[in-house]
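Protein sequences, first through last, are from chains A and B.
First residue of the first sequence: 1, per the working numbering; consecutive thereafter.
First residue of the second sequence: 1, per the working numbering; consecutive thereafter.
Derived from the structure by calculation, the hints contain no laboratory data.
Beta carbons: idealized from backbone N, C-alpha and C, even for Gly.
Some clues are possibly wrong.
[What the hints assert, rightly or not] Computed spacing ranges between beta-carbons, pair by pair: (1) B:L656 with A:H431: 40 to 46 Å; (2) A:D240 with B:F528: 43 to 49 Å; (3) B:Q535 with A:P350: 36 to 42 Å; (4) A:Q49 with B:T647: 25 to 31 Å; (5) B:T647 with A:P21: 51 to 57 Å.
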Amino acid sequence: MIRMSELSPLPASEAWMPFRPGIDGDWNVAQAAHLYRRGGFGAPLEQLQQAVDQSPDQAVSGLIEAVEPDTYRSTMATLAHAAAASGDTRSLAAWWLRRIISSPAQAQERLVLFWHGHFATSAEKVTDVSLMLQQNELLRTHAMSGFEPFVQAVSQDPAMLLWLDAAASRKAHPNENYARELMELFCLGEGKYTEQDIREAARCFTGWEVRRKQFRFNRFQHDNGSKTVLGVTGEFGGEDVVQVVLQQSAAAEFLICKLVRYYLRDDIADVVNLCQPLIRQYRDNGLVLKPILKQILNSRLFHSPWCVGYRVRSPIDLAAGLLRCFAGSANTVQLSDQTKEAGQGLFFPPGVQGWDEGRAWINTSTLLGRSNLIAEMLADSATRFSGQSPADYVRDKFSDNAETIVRQIQDLLFSRPIPGSTAAQAVELLHRRTDQSIREALQLLCSIPEFQLC
Amino acid sequence: MRNWLRRDAAPDTEPDFHDTQLTQDSDEPAGDCIRRPWSIAELQPAIVMASLAAWILESWTASHPMEPAFIRVESIALISFRTATQDRSPGSTRKTEQNMPRWKIAPMKSSRSRFLILLIALQASVSGGVAAEDPRDPAALFPETTALLAEIPKPAALVTKLAEHPLVAQLQDHPLVQQVLNSPQYAQAQAPRLMVEAQLQMKWHEALAALTQQYAGVAVDSRDRSVTVIIRGRDAELMEKVRASFLELTRLGNPLPEGENEYRGVSLYRIGGARAMVVRDWLILSTSAETGRGILDRLLEAEESASLSLSTSLQACRKTAVSSSADLRVLLDLNAVKQARPFMRAATAQAPNPLVELLLGGIQTVVRDADWAGAGLNIADESLSLSAILPLNPDEIPPERRWFFGPDSAGTAASLPQVPDMIATAALYRDASQMWLYSGDLFSERTNDQIAAAESVLATLFSGRDFGEEVLGLLGPEIRIVVARQNPEALQPRPTVLFPAFAIVVPLKDPETMWPELRRTFQSLLGFVNVTGAQEGRPQLDYETVSISGGSMLTSSFVAPAEKDAAGIVPVLYNFSPTAASAQGELILSSSRSLAVMLADALEGHSDPEPAHTSLSVAVSPLQRILQDNQPQITANSMLEKGLSQTEADAEFHTLMSLAELFQSVDFGISAAAETQALQARLKIALRRAQSEQLRESGVNR
Numbered sequence: 001m002i003r004m005s006e007l008s009p010l011p012a013s014e015a016w017m018p019f020r021p022g023i024d025g026d027w028n029v030a031q032a033a034h035l036y037r038r039g040g041f042g043a044p045l046e047q048l049q050q051a052v053d054q055s056p057d058q059a060v061s062g063l064i065e066a067v068e069p070d071t072y073r074s075t076m077a078t079l080a081h082a083a084a085a086s087g088d089t090r091s092l093a094a095w096w097l098r099r100i101i102s103s104p105a106q107a108q109e110r111l112v113l114f115w116h117g118h119f120a121t122s123a124e125k126v127t128d129v130s131l132m133l134q135q136n137e138l139l140r141t142h143a144m145s146g147f148e149p150f151v152q153a154v155s156q157d158p159a160m161l162l163w164l165d166a167a168a169s170r171k172a173h174p175n176e177n178y179a180r181e182l183m184e185l186f187c188l189g190e191g192k193y194t195e196q197d198i199r200e201a202a203r204c205f206t207g208w209e210v211r212r213k214q215f216r217f218n219r220f221q222h223d224n225g226s227k228t229v230l231g232v233t234g235e236f237g238g239e240d241v242v243q244v245v246l247q248q249s250a251a252a253e254f255l256i257c258k259l260v261r262y263y264l265r266d267d268i269a270d271v272v273n274l275c276q277p278l279i280r281q282y283r284d285n286g287l288v289l290k291p292i293l294k295q296i297l298n299s300r301l302f303h304s305p306w307c308v309g310y311r312v313r314s315p316i317d318l319a320a321g322l323l324r325c326f327a328g329s330a331n332t333v334q335l336s337d338q339t340k341e342a343g344q345g346l347f348f349p350p351g352v353q354g355w356d357e358g359r360a361w362i363n364t365s366t367l368l369g370r371s372n373l374i375a376e377m378l379a380d381s382a383t384r385f386s387g388q389s390p391a392d393y394v395r396d397k398f399s400d401n402a403e404t405i406v407r408q409i410q411d412l413l414f415s416r417p418i419p420g421s422t423a424a425q426a427v428e429l430l431h432r433r434t435d436q437s438i439r440e441a442l443q444l445l446c447s448i449p450e451f452q453l454c
Numbered sequence: 001m002r003n004w005l006r007r008d009a010a011p012d013t014e015p016d017f018h019d020t021q022l023t024q025d026s027d028e029p030a031g032d033c034i035r036r037p038w039s040i041a042e043l044q045p046a047i048v049m050a051s052l053a054a055w056i057l058e059s060w061t062a063s064h065p066m067e068p069a070f071i072r073v074e075s076i077a078l079i080s081f082r083t084a085t086q087d088r089s090p091g092s093t094r095k096t097e098q099n100m101p102r103w104k105i106a107p108m109k110s111s112r113s114r115f116l117i118l119l120i121a122l123q124a125s126v127s128g129g130v131a132a133e134d135p136r137d138p139a140a141l142f143p144e145t146t147a148l149l150a151e152i153p154k155p156a157a158l159v160t161k162l163a164e165h166p167l168v169a170q171l172q173d174h175p176l177v178q179q180v181l182n183s184p185q186y187a188q189a190q191a192p193r194l195m196v197e198a199q200l201q202m203k204w205h206e207a208l209a210a211l212t213q214q215y216a217g218v219a220v221d222s223r224d225r226s227v228t229v230i231i232r233g234r235d236a237e238l239m240e241k242v243r244a245s246f247l248e249l250t251r252l253g254n255p256l257p258e259g260e261n262e263y264r265g266v267s268l269y270r271i272g273g274a275r276a277m278v279v280r281d282w283l284i285l286s287t288s289a290e291t292g293r294g295i296l297d298r299l300l301e302a303e304e305s306a307s308l309s310l311s312t313s314l315q316a317c318r319k320t321a322v323s324s325s326a327d328l329r330v331l332l333d334l335n336a337v338k339q340a341r342p343f344m345r346a347a348t349a350q351a352p353n354p355l356v357e358l359l360l361g362g363i364q365t366v367v368r369d370a371d372w373a374g375a376g377l378n379i380a381d382e383s384l385s386l387s388a389i390l391p392l393n394p395d396e397i398p399p400e401r402r403w404f405f406g407p408d409s410a411g412t413a414a415s416l417p418q419v420p421d422m423i424a425t426a427a428l429y430r431d432a433s434q435m436w437l438y439s440g441d442l443f444s445e446r447t448n449d450q451i452a453a454a455e456s457v458l459a460t461l462f463s464g465r466d467f468g469e470e471v472l473g474l475l476g477p478e479i480r481i482v483v484a485r486q487n488p489e490a491l492q493p494r495p496t497v498l499f500p501a502f503a504i505v506v507p508l509k510d511p512e513t514m515w516p517e518l519r520r521t522f523q524s525l526l527g528f529v530n531v532t533g534a535q536e537g538r539p540q541l542d543y544e545t546v547s548i549s550g551g552s553m554l555t556s557s558f559v560a561p562a563e564k565d566a567a568g569i570v571p572v573l574y575n576f577s578p579t580a581a582s583a584q585g586e587l588i589l590s591s592s593r594s595l596a597v598m599l600a601d602a603l604e605g606h607s608d609p610e611p612a613h614t615s616l617s618v619a620v621s622p623l624q625r626i627l628q629d630n631q632p633q634i635t636a637n638s639m640l641e642k643g644l645s646q647t648e649a650d651a652e653f654h655t656l657m658s659l660a661e662l663f664q665s666v667d668f669g670i671s672a673a674a675e676t677q678a679l680q681a682r683l684k685i686a687l688r689r690a691q692s693e694q695l696r697e698s699g700v701n702r
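Kindly produce the complete structure, drawing on both the sequences and the hints.
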């Protein structure tokens, strides 16, 4: 049964039109914070104020077009190399979390995390750290580009082939795992194919192997016979079948609806109809994502009250969001362990379907993990906000007045109002201005239900 | 008038103490000054001034409410002043003008404090230097139930040595230390020190040297685990000043209750959980009132009954070279510790596991049987040495532990072959075969079950030979372990993370028979590694037998990958080229082929064994080099684990390197000497001299 709250307040024809400040709503720090929280992982106050000085369109373009400087990329490459050389997936997860927190290309990192959940591959099975790193870089390279070359690259990614047992697929015994996930989870969705399509597609991928950590086509193990997939017949190979799948009308619909649910809210009713303008545009521009993403983040629907504060923060959003907003850094080895404990371990998605997102983040076991995550992060001496201790940062960068600090934190971190009683407690703690009381105030604010939403 | 204030503190004028000096002039000959006691007439001006100040203080406090503790401090100061002036003993002396302290009082905001300083100064100036003549061993004041005694025989010399030590100077110049010294927190922490310096009119290290000039000792009593500190300063005058300074610093927040604040006419003070007293040139602190009273009794009555001086353990320990020449020495009464600490008894009863037994088994026996243990710290410009000594009676070593010390407790390790870039070395005397054969007597039932299971596997591996008798029994007890840096350029391919190479060298009793047997076993092991490696997709080991100086070698290396890894990562296993060699009658098992070859070459010119039972050594320079080899990994870890930026992580690494630069090596040795019936251990940290110092010295030499 569809609930009224799940229906878009705007018709599809208006929902994706550009947001008009003053008409559709205010363009202020709180609204800019919403953009950066959803499009990236949050932004410090200075960056939000700069965004407010621009138009929403310019701010969205700035967010999407941001690139990492060469020096930053070089540092990240060195770190990734060291993490991979250690052979420890904890180090690799710590490296990525650091990149999520510190990267200037926030929209890109947000999409890499989205694709990591979409093309879910776990280090639980792919124990070679360098292969997981290789896949992560692949997701980054193709994050905003055309979907077809992206899926072609993923189909030949050694980590993916090992994860879905495609590397052991022989013409005598085709393994159906990859063919099934290609249609069900990556491109079309359930019900858009038959079991026969999967069997035929699996034949197309035979002979796709991994040798010395690299993709290799073994022509001796490839089934060269004729196959019929989704109504099309030919002597297809793996590349061909990817093309066939992506030519289905359901492909654009499946991905755009998933993206809209990810960026707006996960309980949208009648999402296919709502997304029709975007789906059409996506098909028209050859399945290239960047313009669609820009349109989503600059839309009236995205900036409407129906969207703001209706997504549950994932554990990565929770940790990275807090640090991003305070220009923070932390012990990311420990932090990534804690996000894993709270249900989102980087490089450790729970299964082929990735993370469930939405309300699934909150349950009795993860709730405690989320609370501990914030408390331990704030208590850790390695956690610094703009190079200072959290308490020094709040004393230096925020107002002297405790009420004003709470208001500033409201705009910066919250998409829903902080309840009066919590605000009063926080004011009292901040008023004392001791290290302990400031930390307790931050911990209090970041533990309330309103902070779990973004 | 012999004493006066150069600037009077009038009651109605606020004296400016910024440049106030309290001096004592004398136109009399120095000798006269020293011997003649003070008269009340001479002291009158000071008494008048002090009374005046007290009256002002009392008047002022009537209109300015103050915390009670502060009033008490000043009252005590006044009372002390009066007592001191009235109770001067005829034998006390007065200082010459040259020796008199010249007062320069630091600017102080509180007028109350100014008055207090004034009163303390007055008190100090009139009390004079009281040099007590007490030739007794200060340790005789501690009770005979003392379980641990740490003492500094020449504290003043030690303070001076520390203050002038090259390491301290180098540390002070170190940027990291400079950063700490320039921090506001450090400046804040210096306030009490500056205050004490101002009051005592000397730098803190001079004050510390004077305060502990004759003796400093701390003891723990086995009865109640109370801690007692005894300090004997330069003279009574100084100790009185210290007492006064301390009163000012602590303000006696928790005074002792009536009836407990005095014993035999001596005032007692509370410092935290301890009681303190100053008697002539002695300062005594104890956490136990009973122990404190006992010490005072012995001090006042020259009584030695129930004193530590009667302890045979103390006397025995002090006779040893470790103790007699030490800058800081520690005596431990092991009987008292064993009685007081059940876990200590348990720890000395049974070996926990074979590895610990192999390393420390014999020491465990000696500790179990010894009545005492001694330790001494020696500080020299080039090194810091910590030595420990335990009485050892070879006849009392039980048969199951004789493998540790060898026949007649005279087992010594062989000298180490020297190879380049040695990071760590160990030379041990351990008759592992005997230990294995006595395992039934040494270990728990569970451990023996595990050993039996291991023995079965090892017998299979060694073609049915008994591991204890026919394998370990054919190896000599002189075990040497070498850890050395590998030359990264010589490793093909160069692993991304560089590990040091390590090797074990042990004599073969019958090389002709044993080496072929061991070589075959090693070959089987390499084959096993290849089979498991193939199952997991790891590179294979390629092996060959080659001749080397004085023997032959079975060496292996991992086959280099045909294609480079996409991420450019070379796995850590390329650090290893497992090798077994027999050279000069010694078996070499090494993680690296090049280390095995170097060791075989070094064994050729091998010198005679050194007379040490155990020696361990770490060289800092090669350790630094291997850290530098792995700098990208180390800085990456810092960045991820501490959230540092690349610049900060690099700076942290360079700080670590520059701190390591201060040290040259760390050596640890154990010697069992049957003739002196002692087991001696020594830890020596050799310091690297500063480059500037070396240059200066070479300039002088030229």
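Verification of the hints:
1. B:L656 with A:H431: 40 to 46 Å: 41 Å, holds
2. A:D240 with B:F528: 43 to 49 Å: Holds, since D240 of chain A and F528 of chain B (Cβ atoms, about 46 Å apart) stay within the stated range.
3. B:Q535 with A:P350: 36 to 42 Å: 29 Å, violated
4. A:Q49 with B:T647: 25 to 31 Å: For Q49 of chain A and T647 of chain B the Cβ distance comes to about 27 Å; the hint holds.
5. B:T647 with A:P21: 51 to 57 Å: Violated: the Cβ-Cβ distance is about 40 Å, outside 51 to 57 Å.
Hints 3 and 5 from the earlier list are contradicted by this structure; the remaining hints agree with it.
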